[in-house]
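Enquirer: What follows is the residue order along each chain.
There are 2 protein chains.
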Amino acid sequence: MPVVDLTIVVPIAGLAAIAAAAYLSWRVLQLPEGDEMMRRIASRIQEGARAFMRRQYTTIAVIALVVAVIFAGAIGVFRGLEEGMRTAIAFGLGATASAASGYIGMHIAIRANSRTANDGLTSFGRALKTALRGGAVSGLTIIGFSLLGVWGIYEIYNLWFGGPTAAEQQSVILSIVGFGFGASLVALFAQLGGGIFTKAADVGSDLVGKIEAGIPEDDPRNAAVIADLVGDNVGDCAGRGADLFESTAAENIGAMILGVGVYAVAVAAGWPNPENWIFFPLVVRAFGLLATIVATFFVRGREDEDAMQMLNRGYWATTILSALGLLVVTSVMMDTGGTLGAQGIPAWLWFWGAGLVGLGTSIVFVYLTQYYTSGTYRPVKDIALASRTGPATNIIAGVAVGFETTVVTAITIGVALLLSHWLGEQAHLTNAAGRDVGGLFGTAVATMGMLMTTAFILAEDTFGPITDNAGGIAEFSRSEAGARRITDRLDAVGNTTKALTKGYAIASAGLAAFLLFSAYIDKVNLVLARQGRELMESVNLAKVDVFVAALLAAMLVYFFSSLAIRAVGRAAQSIILEVRRQFREHPGIMDYSERPDYARVVDITTRAALKEMVAPGLVAVITPIAVGIILGHEAVAGLLMVGTIAGVLLATVLNNGGGAWDNAKKYIEAGHLVDDDGAVIGKKTPAHAAAVVGDTVGDPFKDTAGPSLHVLVKLLATITLVLAPLFIR
Amino acid sequence: MPVVDLTIVVPIAGLAAIAAAAYLSWRVLQLPEGDEMMRRIASRIQEGARAFMRRQYTTIAVIALVVAVIFAGAIGVFRGLEEGMRTAIAFGLGATASAASGYIGMHIAIRANSRTANDGLTSFGRALKTALRGGAVSGLTIIGFSLLGVWGIYEIYNLWFGGPTAAEQQSVILSIVGFGFGASLVALFAQLGGGIFTKAADVGSDLVGKIEAGIPEDDPRNAAVIADLVGDNVGDCAGRGADLFESTAAENIGAMILGVGVYAVAVAAGWPNPENWIFFPLVVRAFGLLATIVATFFVRGREDEDAMQMLNRGYWATTILSALGLLVVTSVMMDTGGTLGAQGIPAWLWFWGAGLVGLGTSIVFVYLTQYYTSGTYRPVKDIALASRTGPATNIIAGVAVGFETTVVTAITIGVALLLSHWLGEQAHLTNAAGRDVGGLFGTAVATMGMLMTTAFILAEDTFGPITDNAGGIAEFSRSEAGARRITDRLDAVGNTTKALTKGYAIASAGLAAFLLFSAYIDKVNLVLARQGRELMESVNLAKVDVFVAALLAAMLVYFFSSLAIRAVGRAAQSIILEVRRQFREHPGIMDYSERPDYARVVDITTRAALKEMVAPGLVAVITPIAVGIILGHEAVAGLLMVGTIAGVLLATVLNNGGGAWDNAKKYIEAGHLVDDDGAVIGKKTPAHAAAVVGDTVGDPFKDTAGPSLHVLVKLLATITLVLAPLFIR
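If you read the protein sequences in the order shown, they are chains A and B.
Heads up, the first sequence is in my numbering, so the first residue is 12 and it goes up one at a time.
Heads up, the second sequence is in my numbering, so the first residue is 12 and it goes up one at a time.
Any given hint could be a false lead.
Treat identical chains as interchangeable: a pair holds within one or across any two.
Unchecked claim - Here are the simulated SDA-like cross-link-like pairs (lysine to any residue), alpha carbons at most 20 Å apart as the crow flies: (1) Lys392 x Gln584; (2) Lys221 x Pro697; (3) Lys392 x Asp533; (4) Lys695 x Glu223.
Everything labelled a hint here was simulated from the structure, so no lab data went into it.
As the structure is a computational prediction, the values presented were derived from the model and not from experiment.
Start from the sequences, fold in the hints, and give me the full structure.
Expert: Rendered as structure tokens:
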């Protein structure tokens, strides 16, 4: 045993996160809910969100059960009943944990919203604190559950059929991939369903309310307004929560698989505590979680301070504490028995460098997203300027900006991969076959470094729908102007934090891609080795079947996005028809003498969203399986890799393009756009109308298709990993 | 010598094409040019087009010279002076031939336009014939030149330093790759410059004329109208001509390189006339050219017939004659000395099958493009319907359609590749190392089969700008309504044929990708073998540098498109400012008492387009070189392959999305859209305005960025092929 056994930190950090979340929930729930009107709206939002989540999870549970049975059966036939069972159990646990953590996070968020609105009546600082605490509940719960889940299932499976050899360890960890796949599947449908719901409600309510009826956003006369507020929670909060639950789980498992490679080296070389290399990814995340808890409790805002500044301070605190934690973990756990890496520098220092690359990548993405989607920089200004010549030039400018943002995304991810791989190589870890295993492990360390701050990022993300809802509640309950002004300030920050989470989610998917590829190749080779066949040494794009699979992968990304975007359009159409019907049949709604039937719109949106999520979801699940069965295991690897590239970049285009359109509209509304003579072009001008068109176009891009693509990319990885034995020909 | 030496057909067909083009030119030029007014406008268009082409080619010549000197120098340093010289000479010839054929084609097109308009005064049939003949001049000249160019340089280099061994033949053909690269470079700038010119003029003239001043399209009071008409010629005609000149040249050379692989097998096995395998691609194209000449001269339209039907008949005639020609060529040239392929079927029959796959792919794309972009089918109708709820839903629907079209593109190309590869494998051609060479050669035969109809497709394409111009001339000279009606009918067909050519160009790029990859790998291995090093056996995406290069390739495609789209916006802005100035300073323009200064707008557009084409052009040239030098030869292969996939699919999205938006607008203008009560929603309704927004957004997508991406994809192939020695590490 080592001097200090850091693995104990894993359950401690997981439980501490849950305890902290419980404490914050208790504090938030103690706050007053506001006046009668606010309480009534909040309870309608809660009802709607719960109704949607109940029906959505029922649908997902049915799909998950069918998938689990089919997959377990298929794996059972190919690889024996026991392996089928193991995969099915892990799958069920992953799916359940993901669903539960999403639900709990949302549960608090939909209670924090009215309390934030109520705080906004008196104090900006208090409102900010309430919203951030509500968000932190979500972040801590989700990441805590994800960490405990991966740790727990590893420990159980290790007891069940683990053993000290590298092959046995590999087998245990490959079995828990099912956990990641369960989480992916839930995340896919949660993000698709939630994303379609939120944007159908948003677009539908805007088109029929703001544009057709000429009433303000969130006006209580619009029957779709509650659906719109519910949408913020189920899309941004529960959807993104499931997305990042899955990221952290799957990437953690991928890193552990690479850790087994180093474990084998450590065992062969007789280094102390070789199992540390497997536990390392879990411990790193545990320290990241502790850093987040500390930052959440100790970073405070000042009344006169910009909210974004305060959040950035919290983010920096988390990052710096994480960097220190990483130093502790690498120095204690990475014991190479005195052998040194390049330049006589110990291996752990090289890996600490790789981890810092990951933390650095996260910082780059946080600020890049702010540059591309915030109103103070060139991209958004360009779009606002282009709005002066109408909607066509606004759209063209937005598309050009969206396309352009791929440059920094690709270069940052590329540099991070090359650099962390190079740093890992410098550690000089060589396996029995004489091959370097440190390079790949370097990319794993970088990914884990990046994921250390996930809980904080997720807290910021959930902050978005809470403040968005608080603003809606303030408007809806016709609170005093002061409250609305405070919630507006918070809402603007919430938009940025939501955009930022998406950038972070993409970058982590890009960085993690490599872990998951290697895990796939390891798993295929495990099966090939058992069959006594030649191993897969490369994923050779020059083979016609691999190339065709890659072509199909890039196509899948477009097709999936097309289906998701179209789904929003169709669901919005059914909302528009219903709201129009209510206006027509109940003319009293317009003069407040009749109350619109909000629940009916929520119900219609729910049904439409659940119906529409099926087609893109099935395409995402079936395509890799079909390609694998028809074209074989090497082709699937090509599909996985090129699908990741295409998915990461298209998601970048959709998220950033959408965010920039949104903020170009806000830029004009804030009165920053001027004509050639210097006169302000503000609200209700043709330029503003053009910017509203861009904003509406961007909605399904940035909140439905883009975030669903993150999940698609990771689903491709987990599904091929779980089903690899079926593809071997 | 064989019983029949078919290689003689190559120069005969090339010269026959030039002769036929000369005859058709003579016939077209004999036709009356129309009245004083028509002649005057036509001469203004000619002046403008010539001025642009002169300045564009001067700029391109300077760039090409610089590139030639640098590349020849670099290759000279790395591989000896002689190889540097050979590459430079081939490069110069390719660049010159491409430029010359584009110029000649356009020279006739800008003379056929007023003659078509004049014919339109009296007869639809005559107008159609004139436009098609004008187009055929372009198609026959370009493909004739391309064939003669590749044949000529091969013959010269073969005399210069060729020899009977496979290695010597390989060296000859790899040297003529410079010809393809020269053609690519000219095509890149011709398509970018022409594409920016045409769409800047189109968008600028529409925004300032139709929208701001409220005057019709092509109205003589709009100072940008001549620039718009010039743009059709320099973009659609000269630009696409350079694109397909390059496709046929580069893909022909790629196929010859694969032919050398079979040549080696044939020599070793002692089959008769082994050199036939190298000449085969040239002879196939020669037969395709003959088929096109026959179809052009013998297919006639009937007065009452739909023009598209007549063109489709000509296309089918070309295709059927090509299939028969292919049967002759494969049966005569592919002599395997009596050895048989799978199932006891001779090798040539299997390859004939592969060639038919290519012809079939071309048919599929021709009809698919019609489905996706023509008003009678679901996609365009969906967009028109979505226009009823405003520009935002129109844009969302169009993007969804554009994304969706990648499905059939990817599946068709994928199936064609797998099928032709499989058919080639059945020929059972195995090289000395025991590896199959027939599969790859099967994809080469499919590509050559597909390219057989290029001259006809190109004739149809040039038909587009001629009829577009004829319509403009009729409107501009305020001809009687009858003439405008006839030119309108022709113009609608021209839109479809232009869309179709783009589909064809993409499919051929996708299909040819494989030839060019293999050629690249061959060239790298040639160098590695000379250095006595291990050969590159695979392009392994699982290596971090290859993966990062692939990521950068997908990014390059977006970045390049972003620059091209933005360039159009900026150039259009300068046109708008100039036309506004003319309206302001010369108020007499509006009541026809003053004449706008058309030449000045042409001049401004020319300067803007030439300035704006530099940035995307340089990005396209520099990125592959930089990646190659930094990450090495295997990474560049990854860049090439994933760049091809990403480029083909994004071009599909941009071209088809743009085409569908255009036709959704036309669908509404034709009065096909109705509201819920069945009343027609036609011109000047909000739905029509929404559709105009979509059409304007689609313009730079489908006519600048999309077509430039075709060229980018092929440039990546030729540039990496030429510079391969520099990337080896």
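Enquirer: Give a verdict on every hint.
Expert: A quick look at each hint next to the structure:
In this assembly of identical chains, Lys392 and Gln584 lie within 20 Å of each other by CA distance solely across copies; the values are 16 Å between and 32 Å within a copy. Taking the shortest alpha-carbon separations for Lys221 and Pro697, both the intra-copy value of 15 Å and the inter-copy value of 17 Å come in at or below 20 Å. For a Cα distance limit of 20 Å, the shortest separation of Lys392 from Asp533 qualifies neither inside one copy, at 48 Å, nor across copies, at 49 Å. With identical chains, the CA atoms of Lys695 and Glu223 are at most 20 Å apart both within one copy (14 Å) and between copies (19 Å).
Checked against the numbered hints above, the structure violates only hint 3.
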